[in-house]
Amino acid sequence: MKSHDYHVLLHQILPYCLRGLMDKNVATSIMRLCRIFRKLCTKTWDPREYDNLHKDMVETMCLLEMYFPPSFFDVMTHLLVHLVEEIDIAGPVATRWMYHVERYLGTLKQYVRSKYRPEGCMAEGYMMDEALGFITEYMHNFQAVRTRIWDADEDEATCGEVLERKGERRTFTHEGRDLAHKYVLENTNCMQKWLRKYEQLQESNSLQDGVPFASWIAETIDNHLATRSSTNVGADDGEHISTEVLSLAYPPSFQYFSFKQMKAYGNHFRVIDAEGDAYVTYDSGVASTFVEDFTEGTPTRCGVEYVGVLQEIIRLDYGALETPVILFKCLWVDADWSSRQPSMKFDSQGLLLANFNRMLPVTADPYVFPSQVEQVFYGDMEEDPGWKVVMRKEAQSRRTIDASMDMHDWENDQANLHSPVDFNRTPTIVDISSAECLNTIDQNLAERLSTPALDHYPSTSGSDEDENDNTSEEL
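The sequence shown begins at 1 in the UniProt record's numbering and counts up one residue at a time.
The set of hints was computed from the structure by calculation and includes no laboratory data. Backbone N, C-alpha and C fix where the C-beta goes; we use that ideal spot for every residue, glycine too. You can take every hint at face value.
Computed cross-link-like contacts, DSS-like style, restricted to lysine-lysine with a CA-CA straight-line distance of at most 27 Å:
#1 388 x 39
#2 393 x 24
#3 388 x 24
#4 24 x 345
#5 393 x 263
#6 24 x 39
#7 393 x 43
#8 263 x 166
#9 329 x 388
#10 345 x 329
#11 182 x 329
#12 182 x 263
#13 182 x 193
#14 55 x 24
#15 39 x 263
#16 388 x 263
#17 55 x 345
#18 263 x 43
#19 197 x 182
#20 345 x 393
#21 263 x 329
#22 39 x 393
#23 39 x 55
#24 43 x 55
#25 388 x 345
#26 393 x 329
#27 329 x 166
#28 39 x 345
Label-pair restraints from in silico Cβ distances:
#29 201 x 336: 33 to 41 Å
#30 342 x 86: 38 to 46 Å
#31 43 x 279: 21 to 29 Å
#32 361 x 220: 25 to 33 Å
Let's have the full structure, built from the sequences with the hints guiding it.
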């Protein structure tokens, strides 16, 4: 990272490095400041968090004044209190800082070929880049280096998920294909009314015990196709069945394509393999931050969070379905939050810890849509082998796309319904009464504040009567 990436060090790296490095109270106060800066730099701002964030900033500044000398607190340090007021007035910092402008200035500098005419080189380079970008949008079998689509209605099918490199053809096992098909049916919007009907039939004991939803929906669609033509197929209530339902009702092909890298929703996902061990920056961590609940028509976030590693990127083949169905096959950590032997917990500094020695079996729902996970990074804990610190990566961008009958569009819409989750909690409040001050000035001040207050301090020149007499003579 470069010097201007200090905010990444402050948000993620510094809290991880301070664990066990210094006094607990000092580390907690610094980590509270890091958490506040992480909230200040978020891309979404909730005005309801203003009071709590302003209170946390004031308390954190008081804690820092207890453990650092007065020379540390200049005018710039005290201005931290006003940052919360600034974000409440002007909005998120991400819309006002200069990082994206500086990056684009670096791009313009690369266009310069003649230092005698730098402005002309930049203009010609910009025009050439725009022309090439416009042409490549109308070329087939071409993968652009970066996405140039600004209008969501121009190409909704590819603006959210981009597979990289050439896929490898592989074959499903019967169990693996059934698990993938089961997850697609239960987590696709167009299948929810059929799933509710299936559950109602189960409650009324109208179905045989042990009949899975995948078998029931395939048999139901077959019965409708046998009685009506494919162009006028309807449910019992007379509604038209979409082509997505007709395609997803039957299991996919045993043949699928496996990919190693993918860009989706501002994240660059990579699978865990032997190639990743050779790179320090290679990471395959993912976290499922919410599960779907369509009882009210819109998904809701549940409190359980699953973290794990990405094993495989799968593109299913549903035949006539135009939009490709992409799934992540992940290996999840057992989400056990029990107090005795937990596999996931928060430490006293508010960091999320996960025990990678306790993994769920592969058959325990390993599949998930790319829009339902976020990219995370893991830091090893030397004092506890097997435990890792979970650090969330901020997505580069989140494109908002209107929902439609297309399943891929539905996935894009669900990815934007929720703001990113903060995997760090507020560190434990420092016990101020038992805190030790690190400089003599604060120590003397604490001793004076602990003694009973006097009406006034005695004068060094004499008694109070002499001081009063001298004052009257001067008047």
